[in-house]
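4 protein chains.
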Amino acid sequence: MGKIKAAIVGATGYVGQELFRILYSHPEVEVTAVTSVSYTGKKYSDVYKNFNGITDLNCTEGDVEKLSETNDVIFIALPHGIASKSVTTSVLEKCKVIDIGADFRIKDKKVYEKWYGVEHFGEEVLKEAVYGLCEIHGEEVKNARLVANPGCYTTCSILTLYPLVKEGLIDTNSIIIDAKSGVTGAGRKLDIGTSFCECNESIKAYKVASHRHTPEIEQELSLAAGKDIKLIFTPHLTPMNRGILATCYAKLKTETDYKTLEKVYEKYYADKKFIRLLKEGIFPETNHVKGSEYVDIGFAIDERTNSVIAIGAIDNLVKGAAGQAVQNMNLMFGLDESTGLDTAAIFPI
Amino acid sequence: MGKIKAAIVGATGYVGQELFRILYSHPEVEVTAVTSVSYTGKKYSDVYKNFNGITDLNCTEGDVEKLSETNDVIFIALPHGIASKSVTTSVLEKCKVIDIGADFRIKDKKVYEKWYGVEHFGEEVLKEAVYGLCEIHGEEVKNARLVANPGCYTTCSILTLYPLVKEGLIDTNSIIIDAKSGVTGAGRKLDIGTSFCECNESIKAYKVASHRHTPEIEQELSLAAGKDIKLIFTPHLTPMNRGILATCYAKLKTETDYKTLEKVYEKYYADKKFIRLLKEGIFPETNHVKGSEYVDIGFAIDERTNSVIAIGAIDNLVKGAAGQAVQNMNLMFGLDESTGLDTAAIFPI
Amino acid sequence: MGKIKAAIVGATGYVGQELFRILYSHPEVEVTAVTSVSYTGKKYSDVYKNFNGITDLNCTEGDVEKLSETNDVIFIALPHGIASKSVTTSVLEKCKVIDIGADFRIKDKKVYEKWYGVEHFGEEVLKEAVYGLCEIHGEEVKNARLVANPGCYTTCSILTLYPLVKEGLIDTNSIIIDAKSGVTGAGRKLDIGTSFCECNESIKAYKVASHRHTPEIEQELSLAAGKDIKLIFTPHLTPMNRGILATCYAKLKTETDYKTLEKVYEKYYADKKFIRLLKEGIFPETNHVKGSEYVDIGFAIDERTNSVIAIGAIDNLVKGAAGQAVQNMNLMFGLDESTGLDTAAIFPI
Amino acid sequence: MGKIKAAIVGATGYVGQELFRILYSHPEVEVTAVTSVSYTGKKYSDVYKNFNGITDLNCTEGDVEKLSETNDVIFIALPHGIASKSVTTSVLEKCKVIDIGADFRIKDKKVYEKWYGVEHFGEEVLKEAVYGLCEIHGEEVKNARLVANPGCYTTCSILTLYPLVKEGLIDTNSIIIDAKSGVTGAGRKLDIGTSFCECNESIKAYKVASHRHTPEIEQELSLAAGKDIKLIFTPHLTPMNRGILATCYAKLKTETDYKTLEKVYEKYYADKKFIRLLKEGIFPETNHVKGSEYVDIGFAIDERTNSVIAIGAIDNLVKGAAGQAVQNMNLMFGLDESTGLDTAAIFPI
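Residue numbers (our numbering), protein chains in the order written: chain A, 1 to 349; chain B, 1 to 349; chain C, 1 to 349; chain D, 1 to 349.
Derived from the structure by calculation, the hints contain no laboratory data.
One should not assume that every hint holds.
The list cannot tell twin chains apart, which means a pair is met if one copy fits it or any two copies do.
Taking lysine-lysine and the BS3-like style, the derived pairs with C-alpha atoms no more than 27 Å apart in a straight line are [unchecked claim]:
#1 Lys-230 to Lys-253
#2 Lys-227 to Lys-109
#3 Lys-251 to Lys-142
#4 Lys-142 to Lys-253
#5 Lys-43 to Lys-267
#6 Lys-259 to Lys-142
#7 Lys-110 to Lys-272
#8 Lys-114 to Lys-49
#9 Lys-259 to Lys-107
#10 Lys-189 to Lys-273
#11 Lys-43 to Lys-273
#12 Lys-109 to Lys-267
#13 Lys-49 to Lys-267
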């Protein structure tokens with residue numbers, strides 16, 4: 001059997017590029033096309049000079065319908081509002097699609113339209129989209145034609161809180177997620193706020209009480225809880241290229257000890273290759289997951305306030321985007337989910 | 001009248017050095033002595049080469065009793081547990097003391113001893129120590145002989161939350177402070193965790209549910225609330241030299257709008273030179289306060305969860321340590337509190 | 001006598017803003033106007049939030065002729081090609097001008113036009129412009145109406161090499177300057193190359209063998225040598241906000257020992273407040289001059305190749321731009337040259 | 001045939017750890033032992049938490065003789081002076097050795113002893129050691145039992161200059177190498193100079209005219225030139241984790257154009273997988289090689305001074321250490337030299 005033919009639509013953003021890097025080392029995949037609105041016609045290795053000697057592909061236009069005819073899978077890494085137009089049932093009949101953008105993550109069209117401020121055009125395919133958080137929805141992903149790859153903050157936040165919510169251990173009215181992201185999370189664009197001199201050596205919160213990853217986290221945690229959850233999510237821009245740290249707070253319903261919670265985490269994650277539960281007293285740092293698919297999770301109980309503080313760390317471009325997309329692809333094509341992803345985090349870098 | 005004669009005990013830590021920098025530009029102060037355990041006998045400008053051409057002082061031993069005989073004020077910037085031994089009533093009869101360390105901040109000797117793990121030897125003088133958070137205890141500071149200069153995290157956290165607590169607007173059982181500090185907060189010491197390659201490009205929480213600034217914040221907010229408060233405080237090591245950002249969360253007691261809270265903040269801070277209340281929708285970033293005495297505060301109401309998210313930013317070495325010590329000195333000596341501190345933050349740096 | 005009235009034309013670039021910061025703390029100056037093409041009409045403190053509480057000025061249009069009527073000095077911090085049009089003899093009859101841009105630095109109009117690719121419109125006033133490298137041309141500056149403030153790289157490079165060239169100790173055909181600058185040197189502009197993720201954690205050379213500071217360095221060193229010098233100048237973009245380090249290489253004409261060269265440096269610089277000659281074996285680092293007007297210089301002799309390696313460090317925005325402009329202003333107005341500039345470098349920051 | 005059994009002696013330094021990371025993804029290698037003086041008995045994944053889930057190995061003592069009995073290859077990543085004692089002919093009869101340290105790089109024992117200040121104990125095996133700069137000595141490496149893996153600065157400097165020297169195009173008395181390295185180059189050790197706050201946001205030269213990589217570069221370029229070369233090498237500590245940029249200067253013997261030099265570079269490097277010759281006007285940046293084995297080289301001719309400026313970039317821990325060690329291993333074991341190394345640089349990171 002030949003290699004899986006893959007196209008990357010939106011290949012010149014940071015996520016698209018990271019995806020290309022991972023797929024280049026994937027033993028079962030051949031990247032056939034890299035598309036770009038901004039750089040159509042240019043050599044990919046002139047746009048990203050780290051690809052010099054790696055690929056001779058030129059950037060092409062991103063016609064999803066057309067790409068679906070010659071590829072086995074299409075990865076879409078575009079700003080929201082575009083994929084919902086181009087991913088049709090016609091496309092899905094020919095080719096699997098993994099949308100790394102936001103268009104198919106929110107099940108409720110109205111919630112999507114409220115938070116994203118655009119109309120959703122893909123209501124039909126939205127129904128069949130599987131939310132591709134592999135450690136939770138892995139089984140559904142295996143049979144999906146369309147996977148909505150989770151957001152970076154959401155991946156980290158949901159996985160950190162999931163066992164606690166699922167087991168009903170915390171007061172779901174008390175959840176606060178204070179998240180910190182590296183600057184690649186803002187994408188590759190011209191913006192004085194992400195210019196070196198403005199964000200280097202400084203930290204700030206942004207989109208306070210209004211970030212679009214909020215309803216996505218709420219959707220998944222509500223599903224786990226079996227009831228509607230509203231929570232606070234505050235993202236921070238941190239002076240580093242990569243990494244997300246999510247510090248999550250919640251009141252415990254009853255007095256609980258560390259061992260009890262530890263068992264709950266183990267129940268859900270002990271068999272998950274890419275989730276690493278840290279030992280008591282050890283907390284994640286983004287340094288230990290960079291360039292890798294790993295999610296590091298540690299937690300503490302604050303007895304004084306009867307609360308749990310659970311902390312997760314991921315590489316926003318890998319587990320938070322491109323890597324998880326590949327993990328999803330592996331599941332969709334019947335490969336071991338770690339194929340092409342089984343690497344140690346690179347450190348120090 | 002001559003200049004105020006000042007000695008810096010522990011002048012070769014980052015705080016001591018920053019204090020020397022500020023005092024060098026202070027029109028009413030002359031630094032007479034810089035003491036150091038590690039560098040006794042060495043030229044100060046060989047230890048800190050930025051002081052080349054600024055001072056010819058050599059580092060001396062730090063005998064507080066002796067220094068009190070020839071100085072008007074002694075600043076102590078030492079690890080905890082030392083000042084409580086050396087600051088005696090005999091010293092205070094001759095000379096004012098501003099302790100930048102932790103020894104005189106906690107009013108309750110037992111609380112101090114529990115969190116710091118050492119015996120407190122200065123119970124007698126502890127009683128008269130004034131907690132030097134200038135914007136709150138400024139009047140008491142004016143008459144103090146001994147000022148306990150607040151911690152860096154505590155300064156930022158307390159000032160950000162104070163009006164809300166004082167006015168009884170928030171549920172005091174729901175307070176969470178998620179704080180981020182630059183690496184200078186860890187001091188100048190050999191530690192693999194603060195070596196460049198280990199903390200550069202990475203963020204992590206540390207001392208989760210156990211940081212010593214917790215009881216200090218609780219003491220002051222309890223005082224404001226008129227009742228005992230327990231809260232969650234989580235510090236994070238952020239890859240930047242300077243700055244603290246405190247993201248503070250609390251449930252509102254009742255539905256409240258932005259304008260109402262804005263007026264409360266203005267009630268307490270409108271006349272405070274170094275507190276800047278940001279406009280609605282603007283949140284602090286540490287970049288805008290570096291090298292300055294300013295505290296920037298912004299907040300938002302999250303209607304979905306009926307909570308307030310209040311955010312404060314300071315320079316940990318200035319308002320969080322050396323600058324506030326000078327502000328306290330100004331008050332103690334009857335000077336305008338901004339003398340030597342009225343400078344714009346330096347940016348980008 | 002009242003304060004010196006000063007206008008800053010081009011106040012919303014990094015240099016203009018740094019100038020405002022320095023002038024704010026200058027005891028003899030009042031800033032009357034800050035002009036900006038991009039932000040006309042906006043509050044200055046909305047453009048630079050570190051100026052919140054510092055100034056209420058709004059940005060205005062930059063009519064130099066008009067500003068000359070109500071000010072004692074105009075600082076111009078604009079891209080090249082503009083000042084040469086707006087600085088006229090009519091302006092200079094009313095008001096002193098310090099141009100921080102490049103328009104009046106190169107004495108030879110043709111050399112300017114070749115390297116800058118634009119016509120020079122101010123030939124008449126060009127003749128009277130004094131090259132404001134204070135430590136070398138300080139006496140001429142005192143009587144100047146128009147000062148051309150030197151470039152950042154040039155200030156550092158010329159001062160590092162000047163004594164060696166002036167005394168004829170080095171082979172002037174062998175001079176190589178390998179310079180490293182922080183990213184503020186590129187100014188405040190939208191450019192993918194200076195976005196955080198692209199230049200953070202990376203170093204590169206740029207404008208190899210073609211940077212416009214080359215003829216400026218050559219002009220001044222040729223003047224010192226009394227003969228025409230051509231040299232190699234290579235700038236590098238370094239992942240830090242501020243600072244320039246110039247590593248300068250030249251063959252020694254004869255075998256020379258350290259002490260001999262040390263005396264030569266002392267001859268020219270021992271009485272210069274802002275030049276610090278480091279001890280043998282100590283070399284500059286940009287950390288020790290940040291936020292200050294100091295120039296640190298150290299050197300070594302490489303006996304194996306009979307060469308000298310002389311290294312200089314400055315803060316590019318202070319001694320390399322705004323600070324030196326103030327130093328020039330001090331000289332032009334008969335003040336002590338260090339007024340408003342006598343501060344220690346801020347560290348660590 | 002089974003996998004190559006490999007031991008890493010000195011596995012808890014940054015180089016040893018990077019080697020382990022690369023070997024973990026190498027399809028033909030099994031790491032059997034990781035030794036460490038500082039961490040003997042500890043779990044490797046407790047020392048480097050990025051190895052959590054990757055390995056269960058404990059750190060052991062580093063007895064090279066013993067390890068040679070059960071391994072096919074031993075990598076030694078230790079400070080100089082140790083390997084020269086432990087690598088004996090007895091060891092080499094049983095097992096191949098790749099020494100990443102300096103002990104077998106310098107052919108002339110006296111030169112080694114002068115620059116390194118220690119006695120060399122392995123004179124016998126020194127003779128057979130092959131200098132493992134793969135692109136130049138690849139053929140010899142194939143038959144070697146002992147390979148001296150080149151230094152980081154030296155790899156970058158030699159490869160950048162080699163074609164010019166080999167072809168006799170430059171004046172060998174005029175070579176200057178101005179090199180910039182990330183902080184990982186200093187290794188993992190407690191040193192105030194490499195603490196975050198002291199080297200972040202700052203650049204400096206160090207070991208001016210005295211760095212130990214000088215004789216190593218001279219040895220190889222002298223060999224290429226067929227005559228003794230003395231040159232200037234100046235390393236700089238740059239505020240980034242990884243990467244080396246070597247900016248190399250030399251006078252051209254005759255007037256030469258870009259195309260001529262380009263052909264010379266192509267002659268030597270066109271068939272070298274890991275050397276990328278950049279197009280005219282493009283110069284390397286360390287960002288484009290991080291995490292990869294690539295060497296990027298670009299150059300310009302400065303007609304004004306008849307000089308060439310050739311610039312090379314590598315990842316100091318990969319091509320400058322661990323990656324090249326694996327490339328050497330591949331050659332020694334008859335594998336394709338790119339096995340386990342054929343990955344794109346990771347960016348932005």
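So, going through the hints one by one against the coordinates:
1. Lys-230 to Lys-253: Answer is both; intra-copy 17 Å and inter-copy 17 Å each pass.
2. Lys-227 to Lys-109: within (19 Å within a copy, 47 Å between copies)
3. Lys-251 to Lys-142: Answer is neither: 35 Å inside a copy and 42 Å across each miss the 27 Å cutoff.
4. Lys-142 to Lys-253: neither (35 Å within a copy, 47 Å between copies)
5. Lys-43 to Lys-267: Between copies only: 25 Å across chains, 48 Å inside a chain, cut-off 27 Å.
6. Lys-259 to Lys-142: Neither. Shortest intra-copy (33 Å) and inter-copy (51 Å) distances fail the 27 Å Cα cut-off.
7. Lys-110 to Lys-272: neither (33 Å within a copy, 46 Å between copies)
8. Lys-114 to Lys-49: Intra 39 Å, inter 32 Å, cutoff 27 Å: neither.
9. Lys-259 to Lys-107: For Lys-259 and Lys-107, the Cα distance exceeds 27 Å both inside one copy (35 Å) and across copies (35 Å).
10. Lys-189 to Lys-273: neither (34 Å within a copy, 32 Å between copies)
11. Lys-43 to Lys-273: between (37 Å within a copy, 19 Å between copies)
12. Lys-109 to Lys-267: neither (33 Å within a copy, 44 Å between copies)
13. Lys-49 to Lys-267: Classified as between: cross-chain Cα gap 22 Å, same-chain 44 Å, threshold 27 Å.
When held up to the earlier numbered hints, the structure conflicts with 3, 4, 6, 7, 8, 9, 10, 12 and fits the remainder.
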